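A.B. asks: Given the sequences, and given the hints that come with them, work out the whole structure.
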Amino acid sequence: MQHNYEKVVTVCPYCGSGCQIEFTVDRKANRIIEAKGAPGRTNEGRLCLKGFYGWDYLNDPQILTRRITSPMIRKGGKGTPLEPVSWDEAIQYTAERLQAIIKEYGADAVMGAGSARGPGNEAGYITQKFMRAVIGTNNVDHCARICHAASVAGLKQTIGEGAMSLSVPEIEDAEVIFNIGYNGATSHPIVARRIVKAKAKGAKIICADPQISETARIADLHLQQKGGTNLLLLNALAYTIVEENLVDEAFIRDHVNGYEEFVPKLKAYAPELVAFDIGVTAQEIREAARLYASSKHSVILWGMGITQFSQGVDCVAACSNLAMLTGNYGHYATGVGPVRGQNNVQGTCDMGVLPNEYPGYQAVTDPVIREKFENAWGVSLSPTVGLKLTQVPERVLEESDPKKQIHAYYIIGEDPAQSDPHLEELRETLAAIDLVIVQDIFMNRTSEYADVILPATAWGEHEAIYTCCDRGFQRVRKVIEPPAGVKPDWEILCLLATAMGYPMHYNNTQEIWDEMCSLAPKFAGATYEKIEALGSVQWPCYEESMEDRGTIFLHKDGEFATPDGRGNLVFNDYQPVKEEVDEEYPLSFCTVREVGHYSARTMTGNCRMLRQLEDEPGWIAMNPKDCEALGVEQGDLVRVRSRRGSLITRCLPTERAKLGATYMTYQWWIGACNELTNGVLDPKSKTPEYKYCACRVEKLANQAEAEEYVKSQYALIRAKMGIEKAGAGA
Amino acid sequence: MNRFVKGNPLLCIGCRTCMVACVVAHRGNGIFTTDPDSEDFFPRIHVVKTKTKTMTVQCHHCENAPCVTVCPVGALEKGPHSIVLHESRCIGCQQCTMACPFGAIQMKQVTESEKLRVVANKCDLCATTEEGSPACVSHCPTEALTYYTAEHISEIVNEKNLQTARKAWAAKEGQA
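Quick note, the sequences are listed as chains X and P, same order. Residue numbers in the first sequence follow the working numbering, run continuously in steps of one, and reach 1597 at the last position. Residue numbers in the second sequence follow the working numbering, run continuously in steps of one, and reach 196 at the last position.
Since the hints were derived computationally from the structure, they do not count as laboratory data. Heads up, a few of these hints could be off.
What the hints assert, rightly or not - Listed next, the in silico DSS-like pairs over lysine-lysine satisfying Cα-Cα at most 25 angstroms (straight line):
no.	chain 1	residue 1	chain 2	residue 2
1	P	K135	P	K71
2	X	K942	X	K1354
3	X	K1071	P	K69
4	X	K1023	X	K1163
5	P	K73	X	K1066
6	P	K71	X	K1064
7	X	K1066	X	K1163
8	X	K1023	X	K1132
9	P	K26	X	K1068
10	P	K69	X	K1492
11	P	K26	X	K1064
12	X	K1397	X	K1423
13	P	K26	X	K903
14	P	K26	X	K1066
15	X	K1071	P	K71
16	P	K98	P	K26
17	X	K1064	P	K73
18	X	K1066	P	K180
19	P	K98	X	K1066
20	P	K98	X	K1064
21	X	K1093	P	K69
22	P	K26	P	K71
23	X	K970	X	K942
24	X	K1132	X	K1551
25	X	K945	X	K1271
None of these values were measured; they are calculated from a predicted model.
C.D. replies: In structure tokens:
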């Protein structure tokens, strides 16, 4: 066969590192041959295993689930099978049902969930425009709600801007890196690369984490705290910095509000008073505070270990407090890094797929802003802040007034029946909603509850722009042709809008991007041409001229993005986690990341090499002493139970887990963590407390039977996902 | 002198990219076109984690390799720059597995004319792959793995000698 090989450079679809990849593509066979690291701004030619081998799902190997290539509807209503239909029929059916629901219950009876994964920023912009201008509601949100919403809220209060203040490459030049609730080795290997490089250059590493993570392992100072004690620790660090006079007085005088009121509130947080409850020594806390305050190139990095708690927003503010107190904002290689998890979760926030903001972080409640969007879109818009993703269950199961309930849920490229907490409740919710629309590339756990399925193009099959974790816009290119029968997400939304009487048409993603830029001043200068020419443009970028190359770090010279340009110290008292361990459920349970898998696993679970490393039903990491007490050994199948549900997984004894603490990665379908997790929310960000609940582990006497059960469950899942051939994965 | 790959535990993040790179390099890109169930997964490098250490284990290509000494059929041999395993001669007796002080030799199953054979499996420095040099080294995201050749080692030794000399002068001049 005559090969016709071409090279295409694009951005990886996994994690927020924003690595650029050069693919070799066989045009004739329409297949990727191999991936190589391209010299991107953040990755400098390096990739991790997901970048190298995570494109295999485009081949549809049908390991976990199968690609959807035709729209489907349940013609006979709920409980009847999904039947393939033409695009015309699917669009007409969906439009009519949405219109009927809006007519009967109003526009706020519809909820939309956008995708922070493959579709990209243009699709994100169209998602929120569809919900706002066509449906008529601000009920639009996305998975940031269950990950970094607390970072956005907490940083907004203190410094006015909810993104990483520094860039990924700057991490390498930091002198002190304080990782709290963050283990880049599993969530962002290419960010972890900068941390190990910084260490090699002489930087000091502090790590606060209950487990001995890879980051803790290389740390100069590991604060092995008890789970759920973040705010105690952060306030104790602030106390020490103030008490030992390690503050940057000039920075506070010139750039920070609230110092006089802040200081006395710390009184109860002397290390000597709180160290026992944190589970470390007062000396360790003081040393960490001194080390952090010793440099003007100190960086704080955090991830889900800060935000996925019921006090996430307060902890984010407390991290920001430390940076303000020590003058660690506003210059090169300093600041704070809430490192975004998904490839385009920063972008999906940027595009206003949020219930309170239009694209470019412009409030829906601001009449001047609203008028601008009303004029541009030619409709009147709702002035009311919409519903948050995690509020859907209560609006379906607990709301008694039908007019206030959610009756339609449009889910794009997400899998709440796998990724949301307390799955049993979530499944009840999905089953009770009149119209569930799933727009995705693969059948997933949510598609079992779908009334309509709309098949979309995958990453690698369309053009887009993603925003990586450090505010960097990058071009994402079509690598291969999509299978017949699927359409780009934005095109599907435009077809629906048009069928609902609001004609929307764009010839390409650039037209969408240009419209977005004309409405969002922060992004206005980041044209396709500029992003193409520079490889990456970090927002804010106001001017179209090539002089404005974007912004490497935020808050230059201490000029914060708040109304008065000054940072605000925000104090909050510590509150314990919402579900403590007890006699019945004596172990704590925390969800963590598997480096070779991503999100709800529909993509990586369908990659041959990635599933070879780890597959169902996953592992529960426990201290060897806890394993011994239960009489379970490495590889044994065990049942893990919480107040909300149970699962089966394998036991992994490791001294890296503290006595009494357990850890599971969250992407398994049989060992589905979220059967156990607590749906309790941070009242400020509505982010669930995924990182702490109580559980117990039960030994299974009949291992052979348990193995058989796991095998049959896997086969069942695969059959439900539409895979016909037996074998793979079982 | 033999060449070898060695990992640096200070730079290793335990991501196991090396293990996948090893399998793909030896199998070739055809691995992505076959039935997912038809492929084996036998890396020649392994990431090992203890309470406080993470590092890779792979063949050190020892100059006086015990595996070569114990192999009863000459399946392991000292080549010009490495310890070479002749898979076709291997009888699967696992003596090499026992003799290797690092645990760098494990067994794998291969299918030959529809029959399963168990043979030894170890690092061959990617001598037989398309790239021709260790894939684990070129794919490591944190550059934690290094391919050491005789030239490389003599450079390191020379540098250390120089440092020793520099320190000696410093001590004499009171410049610790």
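A.B. asks: Each hint should be assessed against the structure and marked as holding or not.
C.D. replies: Evaluated hints:
no., hint, result
1, K135(P) x K71(P), "violated (41 angstroms)"
2, K942(X) x K1354(X), "holds (22 angstroms)"
3, K1071(X) x K69(P), "holds (23 angstroms)"
4, K1023(X) x K1163(X), "holds (22 angstroms)"
5, K73(P) x K1066(X), "holds (16 angstroms)"
6, K71(P) x K1064(X), "holds (22 angstroms)"
7, K1066(X) x K1163(X), "holds (16 angstroms)"
8, K1023(X) x K1132(X), "holds (21 angstroms)"
9, K26(P) x K1068(X), "holds (21 angstroms)"
10, K69(P) x K1492(X), "holds (18 angstroms)"
11, K26(P) x K1064(X), "holds (18 angstroms)"
12, K1397(X) x K1423(X), "holds (23 angstroms)"
13, K26(P) x K903(X), "holds (23 angstroms)"
14, K26(P) x K1066(X), "holds (20 angstroms)"
15, K1071(X) x K71(P), "holds (21 angstroms)"
16, K98(P) x K26(P), "holds (19 angstroms)"
17, K1064(X) x K73(P), "holds (18 angstroms)"
18, K1066(X) x K180(P), "holds (22 angstroms)"
19, K98(P) x K1066(X), "violated (38 angstroms)"
20, K98(P) x K1064(X), "violated (36 angstroms)"
21, K1093(X) x K69(P), "holds (22 angstroms)"
22, K26(P) x K71(P), "holds (21 angstroms)"
23, K970(X) x K942(X), "holds (22 angstroms)"
24, K1132(X) x K1551(X), "holds (21 angstroms)"
25, K945(X) x K1271(X), "holds (22 angstroms)"
The structure does not agree with the numbered hints 1, 19 and 20 stated previously, though it agrees with the rest.
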